[in-house]
Amino acid sequence: MHGDRLKQQRAGVFVDTMRAVGTPIRAVRGYQQPKADVRHANRYRRDQDDPETEELRGSALATATATLRHTGRQRQPKTVPTLRRETNASIQSTARITKAKAAVLRSVELEAGQELNALDRCSLALKQTLELPRRTVWLVGRCEHKRAQRPHQAPDRASELLAEERRVAQHCKAVLEQRLATTTALMQRVKRSRAALAEAIADNRRSLGLNHESYSVSVMRTPLPEEHVPACVVDAKALLKDAKRERRASNDAMEAARADLADLSSQVVAALRAAIKDHREIESKLHMATGLNRRTTHQAERQAHLLENARERNAGPTSGQWLTTAERHDRPMVRAHNSAVGRSPRKTTAREVDSGFKDGYRTFSKSLDQTTRDLKHNATVRRRLDEATHDRKYAKLLDEEVLRLRTKYAPGKRV
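Under the numbering used here, read the sequence shown as residues 272 to 686, first letter to last.
Because the hints were derived from the structure by calculation, they are not lab data. In this text the structure is predicted, and so the values were computed from the model without any measurement. A virtual CB, placed ideally from N, CA and C, is assigned to each residue, including glycine. Any given hint could turn out to be false.
Unchecked claim - Distance condition first, Cα-Cα at most 20 Å in a straight line; then the derived SDA-like pairs of lysine to any residue:
id, residue 1, residue 2
1, LYS462, LEU381
2, LYS647, LEU535
3, LYS647, ARG565
4, LYS508, ARG519
5, LYS512, ARG476
6, LYS556, LEU668
7, LYS372, ILE362
8, LYS398, THR358
9, LYS444, ARG573
10, LYS548, GLN538
11, LYS637, ARG573
12, LYS444, GLU517
13, LYS647, ASN564
14, LYS684, TRP409
15, LYS462, LEU510
16, LYS684, LEU674
17, LYS372, ARG476
Unchecked claim - Derived DEER-like restraints, expressed as beta-carbon distance ranges:
id, residue 1, residue 2, range
18, SER378, TRP409, 44 to 52 Å
19, ALA452, GLU658, 51 to 59 Å
20, ARG463, SER378, 12 to 20 Å
21, ARG633, ARG551, 44 to 52 Å
Make the full structure from the sequences, and use the hints.
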């Protein structure tokens, strides 16, 4: 019996004195070997002469039979989770959360890159739009300098619009410069935030050996708990919201600046064309007035010549030997007229004749002096008309030059 037990121990079978030989033992992790048939198991040697052995054999068989019945009716319990299983579950959960965190970091980094490109385009558009008010301020200065050369010209509608255009252009220039500075500062902040996100992604990759294949659809769909969201992600999202808001404000400012400057530019051009039209109309009226003045001067000169001749004829010879029949007061026609109207003919004395000549001379002299004064006044008016015509013509040429200057150096046109 002792030899059989040694053989069984060498063969790897555990033998208990209270268990029949060949009875299988339940394996680890819930695995159960098939039931052994006691009838075909190794038996003790029959010893008819030893009753104690027979008694022990019967007791062992009874114990084995009861144990098999009990284990057959009762289900074997499962093994409880071990420390290894708990550790593996914790590692898998940490890896899943870390991968989800890396995916969130990667998505925010991509969004930050897109927003950085959008801010770059916005800053470029601001720089291009900023040339409009700068060119407008320079152009308005040139136009005002040109129009200041007009002689004796009061401020008109075009001058008021030029001053308004300068004020609006300076305001738009200040607003766009402020927006450009804010956009540049936001670009620097987004770059720093993107660098922090890239560093956090690198840390996650180094900690778990992540690669590009780790950002799968399942990982991207895995929600990341709020307590595991990195601080750099929260700051980056808030910064991206500020950047988008700033881009919208910059776009609105650029649209408003373009609209205001274009509206004022069209008004200034219309006012300059209206001023040129007024200059032409006034110049034509001045030419007509110059013509009338010239005709009046010619008529006055002719009248003065006639008055001078009449005065000289009136101051002709007074003695009888030098008087002609037409110059006599007692000529036949005068006598016939006096008899026809019933006037008694009388002989005019020399004093009356001399007094009449003197009165006529004074009258002709007064008329001639007035005509001479009229001629001098007409000459003064003619000189003023010529000066006004020259001024209007020069002002028209200056406004035309200003209009050509605005057309050539208009904002947005390459010079």
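Evaluated hints:
As the CA atoms of LYS462 and LEU381 are separated by approximately 12 Å, the hinted pair is consistent with the 20 Å bound. Restraint check for LYS647 and LEU535: not satisfied, since their Cα atoms lie roughly 49 Å apart, outside the 20 Å limit. The straight-line distance between the Cα atoms of LYS647 and ARG565 is roughly 12 Å, inside the 20 Å bound, and the hint therefore holds. A distance of roughly 17 Å separates the Cα atoms of LYS508 and ARG519; the hinted pair therefore holds under the 20 Å criterion.
Taking the CA atoms of LYS512 and ARG476, the gap is near 28 Å; set against the 20 Å cutoff, the hint is violated. This hinted pair checks out: LYS556 and LEU668 have alpha carbons roughly 17 Å apart, not beyond 20 Å. Of the pairs offered as hints, the one joining LYS372 and ILE362 holds, with about 15 Å between alpha carbons and a cut-off of 20 Å not exceeded. Restraint check: the Cα-Cα separation between LYS398 and THR358 comes to about 59 Å, which exceeds 20 Å; the hinted pair is violated.
A distance of roughly 67 Å separates the Cα atoms of LYS444 and ARG573; the hinted pair therefore is violated under the 20 Å criterion. As the CA atoms of LYS548 and GLN538 are separated by approximately 15 Å, the hinted pair is consistent with the 20 Å bound. Taking the CA atoms of LYS637 and ARG573, the gap is near 16 Å; set against the 20 Å cutoff, the hint holds. The hinted pair formed by LYS444 and GLU517 meets the criterion: a straight-line CA distance of about 17 Å does not exceed 20 Å.
Of the supplied pair hints, the one linking LYS647 and ASN564 holds, its CA atoms being roughly 11 Å apart against a limit of 20 Å. Between the alpha carbons of LYS684 and TRP409 the distance comes to roughly 14 Å, so the proposed pair stays at or under 20 Å and holds. Only pairs whose Cα atoms come within 20 Å are accepted, and LYS462 paired with LEU510 is accepted, the gap being roughly 11 Å. For a cut-off of 20 Å, the pair hint linking LYS684 to LEU674 stands: about 15 Å separates their Cα positions.
For the suggested pair LYS372 and ARG476, the alpha carbons sit about 11 Å apart, so the restraint of at most 20 Å is met. A beta carbon spacing of about 47 Å between SER378 and TRP409 agrees with the range 44 to 52 Å that was offered as a hint. At roughly 54 Å, the beta carbons of ALA452 and GLU658 sit within the given window of 51 to 59 Å. Checked against the given bound of 12 to 20 Å, the beta carbons of ARG463 and SER378, roughly 19 Å apart, stay inside it.
For the pair ARG633 and ARG551, the beta carbons lie near 50 Å from each other, so the given range of 44 to 52 Å is met.
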